[in-house]
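Participant: Whole structure, please, built from the sequences with the hints as guidance.
Sequence order for the protein chains is A and B. Here the numbering used here runs 2 ahead of the position in the first sequence, where the first position is 1. Here the numbering used here runs 723 ahead of the position in the second sequence, where the first position is 1.
Bear in mind the hints are in silico, worked out from the structure with no lab data behind them. Ideal Cβ placement from N, Cα and C applies to all residues, glycine included. Please note that the accuracy of each hint is not assured.
To be verified - Subject to a maximum C-alpha distance of 25 Å in a straight line, what follows is the list of computed DMTMM-like cross-link-like pairs (lysine to aspartate or glutamate):
#: 1; chain 1: B; residue 1: 839; chain 2: B; residue 2: 825
#: 2; chain 1: B; residue 1: 839; chain 2: B; residue 2: 849
#: 3; chain 1: B; residue 1: 839; chain 2: A; residue 2: 68
#: 4; chain 1: B; residue 1: 839; chain 2: B; residue 2: 827
#: 5; chain 1: B; residue 1: 839; chain 2: A; residue 2: 78
#: 6; chain 1: B; residue 1: 839; chain 2: B; residue 2: 913
Said to hold, decoys possible - Okay, the calculated beta carbon distance ranges per label pair:
#: 7; chain 1: B; residue 1: 872; chain 2: A; residue 2: 75; range: 19 to 27 Å
#: 8; chain 1: B; residue 1: 967; chain 2: A; residue 2: 28; range: 39 to 47 Å
#: 9; chain 1: B; residue 1: 842; chain 2: A; residue 2: 28; range: 17 to 25 Å
#: 10; chain 1: B; residue 1: 913; chain 2: A; residue 2: 82; range: 34 to 42 Å
#: 11; chain 1: B; residue 1: 959; chain 2: A; residue 2: 23; range: 22 to 30 Å
#: 12; chain 1: B; residue 1: 845; chain 2: A; residue 2: 52; range: 23 to 31 Å
#: 13; chain 1: B; residue 1: 872; chain 2: A; residue 2: 38; range: 47 to 55 Å
#: 14; chain 1: B; residue 1: 872; chain 2: A; residue 2: 48; range: 32 to 40 Å
#: 15; chain 1: B; residue 1: 913; chain 2: A; residue 2: 30; range: 47 to 55 Å
#: 16; chain 1: B; residue 1: 802; chain 2: A; residue 2: 9; range: 51 to 59 Å
#: 17; chain 1: B; residue 1: 960; chain 2: A; residue 2: 35; range: 26 to 34 Å
#: 18; chain 1: B; residue 1: 910; chain 2: A; residue 2: 29; range: 28 to 36 Å
Said to hold, decoys possible - Covered by chain A, according to a simulated footprint, are these stretches of chain B (three or more residues, beta-carbon under 8 Å):
#: 19; stretch: 796–806
#: 20; stretch: 833–839
#: 21; stretch: 846–854
#: 22; stretch: 865–871
#: 23; stretch: 935–949
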Amino acid sequence: MKRTTDIHGPFRELLARRLDEHLAPPETEALNRHLRTCAACASVDRDYRETRHLLRALPDATPPRDLWARTSTALDRALVGAP
Amino acid sequence: MKCLRSATRLPPEARGDDVTAGGGDASQDTGARACCAAYPGRARPRGASFATTGERVLVRDVALLRAAPVTQDQAAARAVVEQLFALHHREIYTYLNRMLREEELAADLTQETFIKAFRALDSLEDPARARAWLYQIASRTALDELRRRKIVRFIPWTGESGGTAASAEEVALHRRLSGEMERALAAIPERQRNAIILAEVHELTGVELAAALGVSHVAARAVLTRARESLRQALAVERAEAAIRGVGEAAPAEAEERRR
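Facilitator: Next up, the structure:
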């Protein structure tokens, strides 16, 4: 079991890194070669992409309209209290 | 600054309202709109490096602040923070709301973030990284609050994003997925949760994430990699449990149906 984890671990890390940055050409080549023969890692690749999609679909929140007024007042207080 | 998320998800009209509501002057408004015009309705691509008018003004003002005598710079510092607020308060509020799931608390902590920014403006060494610097302050503020209050809940996905009318089935699907994601996020370590929300939801670049987390780029990448795997596994567990619950809930109904 540990051996299986060791085999796939580096590729899982590459899959995660690939979402954030360009991999070096040898890394990309090795990863793609592995994905062609490893259904488990291909599934993880799909999971990572789905997770990213779900997270990025979360809606923005709308701040309260008086947030600046409150912050401005607090800034004024901080300004008065500043040395 | 590479990415200006305060000006990414909403159309310029809506965003313009927000910026001016922040008390900004014309230059701030122009800056936000310039960004919107360049990337209407979507996030600025990672790696884009031009500065908006608002950002250029910010860089200029921070430079002036650096040169001002200590006794005269408090008002100038306030003006800089006012610009930072106009540019970034919406995304900071969204981030804090997502982390804490309490609107009023998120508003309080957004205010606190900008007050801390005012007091620590000297530590903003590169105005081009003001966004990541603000996230760093907000992140520490949120984690402190989470530790203090032990809040682990998250805002459910309402399915209201996307800008197009969704069918009832789509809304129901989004709500189910949101619930799963919410519980999965709650199940992973706090630090990892923070990293993946900042990276994926708020789209911080690797450098920005490292700055926000206050760690090296390599360390930030390692946390994010662990977070992706933790979240994947947590989501799988959540879905398996949901399936079991679904079977459990369906079984009595099916038994009742058979009795009839």
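Participant: Are the hints correct? Go through all of them and say.
Facilitator: Now the hints, each set against the structure:
A C-alpha spacing of about 20 Å is found between residue 839 of chain B and residue 825 of chain B, which places the hinted pair at or below 25 Å, so the restraint holds. For the hint pairing residue 839 of chain B with residue 849 of chain B, the CA-to-CA distance comes to about 17 Å; that is within 25 Å, so the pair holds. A hinted pair counts as satisfied when its Cα atoms are at most 25 Å apart, and residue 839 of chain B with residue 68 of chain A qualifies at roughly 19 Å. Restraint check: the Cα-Cα separation between residue 839 of chain B and residue 827 of chain B comes to about 18 Å, which is no more than 25 Å; the hinted pair holds.
With a CA separation close to 13 Å, the supplied pair residue 839 of chain B and residue 78 of chain A stays within the 25 Å bound. With a CA separation close to 22 Å, the supplied pair residue 839 of chain B and residue 913 of chain B stays within the 25 Å bound. A hinted range of 19 to 27 Å for the beta carbons of residue 872 of chain B and residue 75 of chain A is consistent with their spacing of about 25 Å. Roughly 43 Å separates the CB atoms of residue 967 of chain B and residue 28 of chain A, a value that falls within the hinted 39 to 47 Å.
At roughly 48 Å, the beta carbons of residue 842 of chain B and residue 28 of chain A sit outside the given window of 17 to 25 Å. Between residue 913 of chain B and residue 82 of chain A the beta carbons are some 36 Å apart, a value that agrees with the proposed interval 34 to 42 Å. Distance hint check: the CB atoms of residue 959 of chain B and residue 23 of chain A are about 25 Å apart, consistent with the given range 22 to 30 Å. As the Cβ distance of residue 845 of chain B to residue 52 of chain A is approximately 43 Å, the hint placing it in 23 to 31 Å is violated.
In this structure, residue 872 of chain B and residue 38 of chain A meet the distance hint of 47 to 55 Å, their C-beta atoms being roughly 48 Å apart. At about 36 Å, the beta-carbon gap between residue 872 of chain B and residue 48 of chain A stays in the expected band of 32 to 40 Å. About 33 Å separates the C-beta atoms of residue 913 of chain B and residue 30 of chain A, a value inconsistent with the hinted range of 47 to 55 Å. The hint said 51 to 59 Å for the Cβ distance between residue 802 of chain B and residue 9 of chain A, and at roughly 57 Å that hint holds.
Taken as a hint, the range 26 to 34 Å holds for the pair residue 960 of chain B and residue 35 of chain A, whose Cβ atoms sit roughly 30 Å apart. A hinted range of 28 to 36 Å holds for the C-beta pair residue 910 of chain B and residue 29 of chain A, which are about 30 Å apart. Coverage of the stretch 796–806 of chain B by chain A holds. Counting CB-CB distances below 8 Å, 5 residues qualify, and the rule asks for three or more. With a cut-off of 8 Å between beta carbons, the stretch 833–839 of chain B has 4 residues touching chain A; three or more are needed, and the interface restraint holds.
Restraint check on the stretch 846–854 of chain B versus chain A: 0 residues with Cβ-Cβ distances below 8 Å, three needed, restraint violated. With 0 residues having a beta carbon nearer than 8 Å to a beta carbon of chain A, the stretch 865–871 of chain B misses the requirement of three or more and the stated coverage is violated. Counting residues of the stretch 935–949 of chain B whose CB falls under 8 Å from any CB of chain A gives 3; the rule of at least 3 is met.
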